[in-house]
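Participant: Chain by chain, the residues:
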Amino acid sequence: MKRILVGIKRVVDYNVRVRVKPDGSGVAIDGAKMSINPFDEIALEEALRIKERGAAEEVVAASIGAADCQQQLRTALAMGADRAVHVDPGPAAAGALGLEPLTVARILLKLIEREQPLLVILGKQAIDDDNSQTGPMLAALWGRPQATFASKIEIAGDRATAVREVDAGLETLEVDLPAVFTTDLRLNEPRYVKLPDIMKAKKKPLDTLTLADLGLTSPAPRIRAVRFEPPPQRQKGVRVKDAAELVSALKQKGLI
Amino acid sequence: MARTLLVAEHDGSALNASTAKCVTCARDLGADIDVVVCAAQAGPVAAEAAKLGGVKRVLTLEQAANAHPLAAVLAPQIAAIASGGGYSHVLGPSTTFGRDLMPRIAALLDAPQLSDIMAVESPTRFRRPIYAGNVIVTVEVESPVIVGTVRTASYSAAPAATTERAVQIEPANVSVEVPAHTRFVSVSAAKSDRPDLQTARRVVSGGRALGSSEGFKLLYRLADKLGAAVGASRAAVDAGYVPNEMQVGQTGKIIAPELYFAIGISGAIQHLTGIKDAKTIVAINKDADAPIFEVADYGLVGDLFEIVPQLIELL
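Chains as they are written, first to last, in my numbering: chain A, 941 to 1196; chain B, 17 to 331.
Do not rely on the hints blindly, as some may be mistaken.
[Unchecked claim] Listing some non-contacts, in silico: residues in chain A with all C-beta distances to chain B over 12 Å:
(1) Glu992
(2) Ala1006
(3) Ala1018
(4) Ala1152
[Stated by the list, open to error] Covered stretches of chain A (in silico footprint by chain B; criterion: 3 or more residues with CB under 8 Å from a CB of chain B, positions within the stretch not fixed):
(5) 954–964
(6) 1061–1071
(7) 1088–1095
(8) 1104–1112
(9) 1123–1133
(10) 1162–1176
[Claimed, not checked] Mimicking DSSO-like on lysine-lysine, the simulated pairs with C-alpha atoms at most 27 Å apart in a straight line are:
(11) B/Lys295 x A/Lys1193
(12) A/Lys1176 x B/Lys233
(13) B/Lys67 x A/Lys1176
(14) A/Lys991 x A/Lys1134
(15) A/Lys942 x A/Lys961
No wet-lab data here; the hints were simulated from the structure. Where is the CB? At the ideal position from N, CA and C, for every residue including glycine.
This is chain A alone, in the form it adopts within the complex:
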């Protein structure tokens, strides 16, 4: 079956402004609104559109984390994923930094072995740790092509063409499938979930696996958080009344 595997990460909603805990031991996120990482939502939307165009038959959403990430998987099912897989890594995910991207990539590789997808679509980065590593790491472990920061994906038989948003502009790559794609903002605009879909999603399959189920052992963390701090604040500036005052202020400072 032509299958697409999509990664879904539960993150603090992008509208929430997070704070560092007073003792510097982590980020205070208790009670914050949690959502699907926006880039992962775009990944899921793209998978659904590829399926709707007839280029794939099944969309599987996978999330790795504590039991509460099942909420985001239910949202993914409501958006249209056919089924969901939740991998509970146990205590490994409990550190202040969460799972290391290479560990996430190893777990996803095990899911690839089980699911044999034609495409794997992930977000280009998660908006919490901003690591931007998992996609290329997974592609390396899998020994398959990667097309990161994609703003367009077209499937033609056993190949795909991807347009990538790079610093220079837009780069087009052709890759053999299967391959890993990571999404950029302008790949698509994710659909809204409708109430009947939420009801339907409750009946869709959602399996939970442990690391042992996947033949993995709990990884030893190699990156340890020493402290968390807020960034230095900029000094509050001044208001100028018009263009002339602005120009003279900038001239006075030798900036223009």
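Chain A is already provided as a structure; the job is to place chain B on it using the hints.
Facilitator: Just chain B now, kept in the frame of chain A:
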């Protein structure tokens, strides 16, 4: 022994400015720095890299397959050099080039990666931003090999070497089969005579308030007066006023100009994270409560379509 391998970014003929900034970060590690240049023909780029102060050796990986920076092609070659050469650190820039390539190298080396290094506290302790720069985390890494991307906005370019010394430029001796499953088709970039957004000393950025591509022409006129590069908020890029390579922010370019004009940009945290290293920020917005004014050194409340033409007159 500590040794750093730095992956050079270039366009086939010239070194990208990000590499000299990575050298500055690498110097803080206190170890020998070797730069690797992957290209079809590495000559001019390797010569440029050899001139950067602190670089010990330049290694070249020349073959036709390296004509374009395909991560799947470059990563196995660089990983082979890194493991064969006993490097303790493998660094690249946190540009789209480095963010695509470095994690692929890290996975092949079974090494942890640190993204967006903004400060080196010791060869195993680093600071980096998370949550769109709203939190800075200091991390300690335990691994014989550490891969990193350098947040270029946090570093100035390494100066040219001051003493006449012979930096070796030598071909790297690796034989790795490179995959054919990933093929470069094209890259389309708008040609511009304006300064490069990532290295410009002055930047003029516009937001959705510009209203159209037509509206941005006003900003280009201002930028030309100032000798500035032009950037944009995500909203302006999403609206199709300007192309993606102009986006400044968490998911676009992180820049550190001396003078930044935010015009018709409200200042979402995702945008602010891209400009917080700018030395001076000027904000022009008709909404006096816009968050951009919280970070601006000079704020001017008013209609940009009146103010910008006045600025152009006055400059």
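Participant: Please go over all the hints and tell whether each is borne out by the structure.
Facilitator: Going through the hints against the structure:
1. Glu992: holds, 23 Å
2. Ala1006: holds, 19 Å
3. Ala1018: holds, 25 Å
4. Ala1152: holds, 21 Å
5. 954–964: Holds, because 4 residues of the region 954–964 of chain A bring their Cβ atoms closer than 8 Å to Cβ atoms of chain B.
6. 1061–1071: With 7 residues in contact (Cβ-Cβ under 8 Å with chain B), the coverage given for the region 1061–1071 of chain A holds.
7. 1088–1095: holds (count 3)
8. 1104–1112: holds (count 9)
9. 1123–1133: Check passed, 3 qualifying residues.
10. 1162–1176: This one holds; 13 residues, not fewer than the three required, reach chain B with a Cβ under 8 Å.
11. B/Lys295 x A/Lys1193: holds, 12 Å
12. A/Lys1176 x B/Lys233: violated, 31 Å
13. B/Lys67 x A/Lys1176: Cα-Cα ~41 Å, so violated.
14. A/Lys991 x A/Lys1134: Distance ~19 Å between A/Lys991 and A/Lys1134 Cα, so the pair holds.
15. A/Lys942 x A/Lys961: violated, 46 Å
Against the hints set out earlier in the document, violations occur for numbers 12, 13, 15.
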